[in-house]
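In this text, residue positions in the sequence shown follow the working numbering: the first is 3, and each later residue adds one.
Honestly, the hints are just simulated from the structure, not real lab data. Among the hints, erroneous ones may be present.
BS3-like cross-link-like pairs, simulated, lysine-lysine; straight-line CA separation at most 30 Å [as the list claims (entries may be wrong)]:
1) 29 / 16
2) 228 / 169
3) 169 / 254
4) 228 / 254
5) 398 / 371
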Amino acid sequence: MQMPDPDASILARKGHIVARLQEVLPKGAVISDISETRAYECDALTAYRCPPLAAVLPTSTQDVSAVLRICHEEGVPVVPRGAGTSLAGGALPTADSVILGVARMNAVLETDYDNRFIRVQTGRTNLSVTGAVEENGFFYAPDPSSQLACAIAGNIAMNSGGAHCLKYGVTTNNLLGATVVLMDGTVVEMGGAHLDAAGLDLLGVICGSEGQLSVVTEATLRILPKPEGARPVLMGFDSNEVAGACVSDIIKAGVLPVAIEFMDRPCIEACEAFAHAGYPMCEALLIVEVEGSPAEIDEQLGLILQIARQHNPVELRESQSEDESARIWLGRKSAFGAMGQINDYMCLDGTIPVTALPMVLRRIGELSKSYGLDVANVFHAGDGNMHPLILFDANKPGDLELCEALGADILRLCVEVGGCLTGEHGVGIEKRDLMVDQFDPADMEAQMAVKDVFDPQWLLNPAKVFPLASSQSRRVARLAAE
3 MQMPDPDASI LARKGHIVAR LQEVLPKGAV ISDISETRAY ECDALTAYRC
53 PPLAAVLPTS TQDVSAVLRI CHEEGVPVVP RGAGTSLAGG ALPTADSVIL
103 GVARMNAVLE TDYDNRFIRV QTGRTNLSVT GAVEENGFFY APDPSSQLAC
153 AIAGNIAMNS GGAHCLKYGV TTNNLLGATV VLMDGTVVEM GGAHLDAAGL
203 DLLGVICGSE GQLSVVTEAT LRILPKPEGA RPVLMGFDSN EVAGACVSDI
253 IKAGVLPVAI EFMDRPCIEA CEAFAHAGYP MCEALLIVEV EGSPAEIDEQ
303 LGLILQIARQ HNPVELRESQ SEDESARIWL GRKSAFGAMG QINDYMCLDG
353 TIPVTALPMV LRRIGELSKS YGLDVANVFH AGDGNMHPLI LFDANKPGDL
403 ELCEALGADI LRLCVEVGGC LTGEHGVGIE KRDLMVDQFD PADMEAQMAV
453 KDVFDPQWLL NPAKVFPLAS SQSRRVARLA AE
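All chains, full assembly: derive it from the sequences and hints.
As structure tokens, then:
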């Protein structure tokens with residue numbers, strides 16, 4: 003994956019730039035020694051690495067503003083970083099960039115149960131938001147698999163979802179307001195503790211913008227009362243296609259489970275060995291969870307099980323206890339880690355119409371055979387957000403390139419059937435060259451024009467989202483015009 007050549011003038015001024023940053027930040031908040039900056043050389047897409055010029059760890063919006071103002075004046079690129087769990091290279095630095103990490107910005111600033119919101123600094127982890135309100139009977143709905151570690155900042159940048167997004171939506175559906183800092187240090191408040199803000203929907207533009215437009219330092223999030231109860235059911239099938247058809251029929255029936263999760267045999271075996279969740283050994287497994295009162299749960303599951311039986315499942319099993327439900331979800335939430343114990347892999351993030359699931363799963367199997375690389379499938383089946391895991395050997399010459407080629411074909415397939423390149427992982431560096439497969443030149447121009455407004459010098463999160471040649475030429479042209 004090609005990255006831009008570093009700006010030699012910035013590298014030559016490293017000492018000066020670091021000194022300016024140290025003047026505005028607390029002691030220990032600026033990291034510039036090469037041995038220490040290596041901790042920030044990659045995110046969860048570990049195939050690509052590049053130590054940054056420096057890393058800074060601010061503790062407030064004012065700190066962030068001061069850092070961005072200095073970098074803007076010095077012409078230094080800035081890469082915002084949450085917890086580094088991005089699977090698309092969204093926080094990969096360039097050699098002449100400053101990593102701006104928000105890990106130390108993790109405070110709860112305000113909680114309002116009557117109006118159902120919490121305001122936090124965006125370095126706070128996803129799961130700890132629920133942890134701050136659960137004693138009062140509330141929770142924060144978006145739940146990415148990395149929720150134990152991932153930061154709200156990254157969730158907003160990538161518009162993350164999770165297993166329960168089928169019912170509760172993704173981050174944008176649960177984000178009420180944000181404090182953002184523009185590249186020149188300007189602090190802007192967007193939205194707030196109310197349903198809709200007047201004027202342009204700038205909050206909707208920021209959510210999912212992958213650090214291209216601003217750094218989000220504080221977020222007002224919707225919190226919801228915990229449901230009265232919830233119960234998952236395991237459904238085993240003898241093929242991926244049959245499981246996909248079952249998902250499609252559940253959605254078409256108008257039932258709205260809180261989650262429908264899919265795993266194929268390689269994932270089932272890995273997750274069972276890792277978490278001992280009691281999964282049946284079959285070709286494809288669905289975890290379908292419903293919630294509500296006991297009567298509501300029984301009614302919904304009755305209809306779902308009736309649909310499932312039409313597809314001749316090899317096993318149908320309802321959870322019988324809270325402990326069993328917790329183990330079922332532990333297995334699913336551990337999928338990426340469990341697969342990582344047995345093989346190198348690249349995790350994709352294409353999204354497709356639910357009705358296309360059977361065909362797409364079949365085609366992924368055919369592509370897997372033609373490339374000679376195994377693919378394990380685990381994904382949010384209810385909203386068609388697929389996560390094919392392509393298994394490869396990172397130590398075998400040419401295997402990474404072969405894996406990327408297979409991944410590109412799978413993502414093109416998602417677009418061909420009416421889907422898109424990403425559901426929640428973002429474009430990052432992983433999919434930037436595939437943007438032209440989804441968007442025509444006019445669409446790309448419109449998106450880049452938005453970045454022109456927010457970040458005229460194209461300094462925020464360089465080499466991401468847009469094809470490298472396009473972003474580089476855009477930056478050169480904008481600088482020449484100033």
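Here is what the structure says about each hint:
no.: 1; hint: 29 / 16; in the structure: holds (18 Å)
no.: 2; hint: 228 / 169; in the structure: holds (13 Å)
no.: 3; hint: 169 / 254; in the structure: holds (15 Å)
no.: 4; hint: 228 / 254; in the structure: holds (27 Å)
no.: 5; hint: 398 / 371; in the structure: holds (18 Å)
Violated hints: none; the structure is consistent with every hint.
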